[in-house]
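Colleague: Using the sequences provided together with the hints, build the complete structure.
Protein chains: 2
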Amino acid sequence: MPKISNKANLMPSSPIRKLVPFADAAKKKGTKIYHLNIGQPDIETPPSFLNAVKNSNIKVLEYSHSAGNESYRKKLCGYYKSYDILIDTSEIIITCGGSEAIQIAMNTCFNSGDEVIIPEPFYANYNGFSMTADVIIKPIRSYIDTGFALPPISEFEKLITPKTKGIMICNPGNPTGYLYSKDELNALRELVLKYDLFLLSDEVYREFCYDGKEYVSVMHLKGIESNVILLDSVSKRYSACGARIGAMISKNKEVMTAALKFAQARLSPPSYGQIGAEAAIDTPKTYFEEVKKEYISRRDFVIETINKIPGVFCPKPSGAFYCIAQLPIDNADKFCQWLLEEFNFNNETVMLAPATGFYSTPGAGINEVRIAYVLNKTDLKNAMLCLEEALKKYPGKTN
Amino acid sequence: MPKISNKANLMPSSPIRKLVPFADAAKKKGTKIYHLNIGQPDIETPPSFLNAVKNSNIKVLEYSHSAGNESYRKKLCGYYKSYDILIDTSEIIITCGGSEAIQIAMNTCFNSGDEVIIPEPFYANYNGFSMTADVIIKPIRSYIDTGFALPPISEFEKLITPKTKGIMICNPGNPTGYLYSKDELNALRELVLKYDLFLLSDEVYREFCYDGKEYVSVMHLKGIESNVILLDSVSKRYSACGARIGAMISKNKEVMTAALKFAQARLSPPSYGQIGAEAAIDTPKTYFEEVKKEYISRRDFVIETINKIPGVFCPKPSGAFYCIAQLPIDNADKFCQWLLEEFNFNNETVMLAPATGFYSTPGAGINEVRIAYVLNKTDLKNAMLCLEEALKKYPGKTN
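Protein chains in written order, with the working numbering: chain S, 18 to 416; chain W, 18 to 416.
It is possible that part of the hints are untrue.
Any copy, or any two copies together, can satisfy a pair, since identical chains are not distinguished.
[Claimed, not checked] PhoX-like mimics (lysine-lysine), calculated; alpha carbons at most 25 Å apart, straight line:
{"#": "1", "residue 1": "Lys-92", "residue 2": "Lys-71"}
{"#": "2", "residue 1": "Lys-398", "residue 2": "Lys-76"}
{"#": "3", "residue 1": "Lys-310", "residue 2": "Lys-76"}
{"#": "4", "residue 1": "Lys-98", "residue 2": "Lys-302"}
{"#": "5", "residue 1": "Lys-414", "residue 2": "Lys-71"}
{"#": "6", "residue 1": "Lys-20", "residue 2": "Lys-268"}
{"#": "7", "residue 1": "Lys-410", "residue 2": "Lys-98"}
{"#": "8", "residue 1": "Lys-180", "residue 2": "Lys-20"}
{"#": "9", "residue 1": "Lys-35", "residue 2": "Lys-268"}
{"#": "10", "residue 1": "Lys-76", "residue 2": "Lys-49"}
{"#": "11", "residue 1": "Lys-270", "residue 2": "Lys-409"}
These are computed hints drawn from the structure, not numbers from a lab. Remember, predicted model here, so these are calculated numbers, not experimental data.
Modeller: In structure tokens form, the structure reads like this:
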């Protein structure tokens, strides 16, 4: 029997996936599970998106342009303009989800063995994509005490080697919910200029910035236009995760010409998703206002409630729909498994994501969990009750 | 300005893409172009596919399972059973087109620097995917004289080194239209067993086998179940190229477990395409009978007509919707460009794919073109007329 590749052997399995069998077993026993473990929102996809697909009048479902439909890219330019991001259609490649945007960007920018500095905790699938592209992630630690603010630039500089080729951020952040300030981004700008690095920025949560704080895109930073690559997706924006429509955007012509070759090899992005996403650009502002209001109210509820539990600390995030909480526990992986395997409160329990999976540094995040506040308030209330009870009973509690 | 990767620099651009600017210029001059250069069929997508999407009743367009919807995979098992391919849902991963199936299979099976033997001429995008996965393609030449039959096994053995990890075929073949016989596949089976290689088989044209010839899948070969990986797509089957739905299939559990990790990293395949593809499994047989009849009539017309042109030789293919013709010309790349740039006949011309792009061996296929017979008979007739006239006038003709 031929052997699978080393890459395949080393390919990380997401920390949440490991919990799935325990969740399945709990469900079988009749336990209701509140899923705060994944970023699948319960928010309805805008009717404009869904109706455009339902009303599509296709006879032959053809390949689209490898960079995506021209009409969609044109309209997207208008969408980005509303965020003061000025681009033309040649500076966009539509991808199969944000995932493919990351993959193409990595293949375009990085050689085998090149190093990319990423503030941790970070979106766990960056590990898989860097493994596939044979790129080395150099994690730089951010801490819960500061709400996961950008680490000092001096710490970045300590990590820079001749192999360092880029910096990658997620803003607003998954899993932290942290929104980088203008000052933080300007500091990154200086660093990128000084060492001539690529700056990849995953900004798929741009619609979810709270408390009147300003969203600053890497595309707003002057003088590093050739360094910057924006990675995007409609999954969260329109609660359309299944559409598999993302985008890779850059003003660096050499990057976009090369990226297009990768895009051409895989032919085209999904046609139906493009039709929906194009129509969704006209989604009325009220939709986003409603959604934002809902998320803010959920966040406020979770933050207020969880911080009242003895020994818990959870900074209030300004973006996305995640927060990371520090719990009075010995080990988040064990705790999250215990919640599914051993615990229930009135036949209910809660599924959380152990934060360890979002850190690269071994041992980091050992007493932290990520909470995705993607459920309605009633469910969130019950989930928080479960968590409070669980923290009273968990054998590995530390307070 | 940071430099793009070596991979990005070396990433091949498809030979057809190079012709696009010349085609655009010709169109601007008012010349009508008959596109025989790409495998985008004009056949209508079955209504079952399109209607399932139009009638979908989605409120939240969620991620699907990373391996694809269970209901779709279940139904697919029935589809494959009708071809005597017996699999269960755990042996299928739904992918974003056949393209992603190839990418995941390569990453799962091959290490950086591993060698894969592929009969040439082959589908040009294999080059891009192997470049991305850092896999070395070792081409083995098949020849137009035999209609591109499988090269002798002794020739394969000459190419085998300690780095050889797999063999990859396309059956029925793009760009050759060749359908491998049971004997040819059994010979490959022996080879695969002898050297313990992976056997990847791209069988996306299975619905298009002609003249009563038997379609034999690598999945039918006994005793190499752990070596075999089937790569598939609904793009050609249902004329649904834009759906971006493919599949990677294997009975090798280790392969599928690893492949699923790559699939999980990118979250899920497109939801709408899966809905259409699932419904399309019920497409009545009459649809395929009609489509097949149409393709056979087109093929017969092209083969008969083209072989009457002095100096042209075009073997009659038994599958897919391509054929490769040898023309009395000095250089197929120059000729195909000349057709667009300099030639027209009654303000019409024809766009062909130079076969050089399908060969890895430099100089191979220099006087060959690939013809995709994806147009209706009237257009095909006019296209053949153009070609005949062009071969009279082309300055680089050799007869």
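Colleague: Each hint: holds or not?
Modeller: Going down the list of hints, with the structure as the test:
1. Lys-92 with Lys-71: both (20 Å within a copy, 23 Å between copies)
2. Lys-398 with Lys-76: Between copies, since 24 Å is at most 25 Å while 48 Å is not.
3. Lys-310 with Lys-76: Between copies only: 20 Å across chains, 41 Å inside a chain, cut-off 25 Å.
4. Lys-98 with Lys-302: The answer is within: 15 Å in one copy meets 25 Å, while 50 Å across copies does not.
5. Lys-414 with Lys-71: For Lys-414 and Lys-71, neither the intra-copy (51 Å) nor the inter-copy (52 Å) Cα distance is at most 25 Å.
6. Lys-20 with Lys-268: Between copies, since 14 Å is at most 25 Å while 42 Å is not.
7. Lys-410 with Lys-98: Neither, since 52 Å and 52 Å both go past 25 Å.
8. Lys-180 with Lys-20: Between copies, since 13 Å is at most 25 Å while 31 Å is not.
9. Lys-35 with Lys-268: between (40 Å within a copy, 23 Å between copies)
10. Lys-76 with Lys-49: between (44 Å within a copy, 22 Å between copies)
11. Lys-270 with Lys-409: For Lys-270 and Lys-409, the Cα distance exceeds 25 Å both inside one copy (57 Å) and across copies (42 Å).
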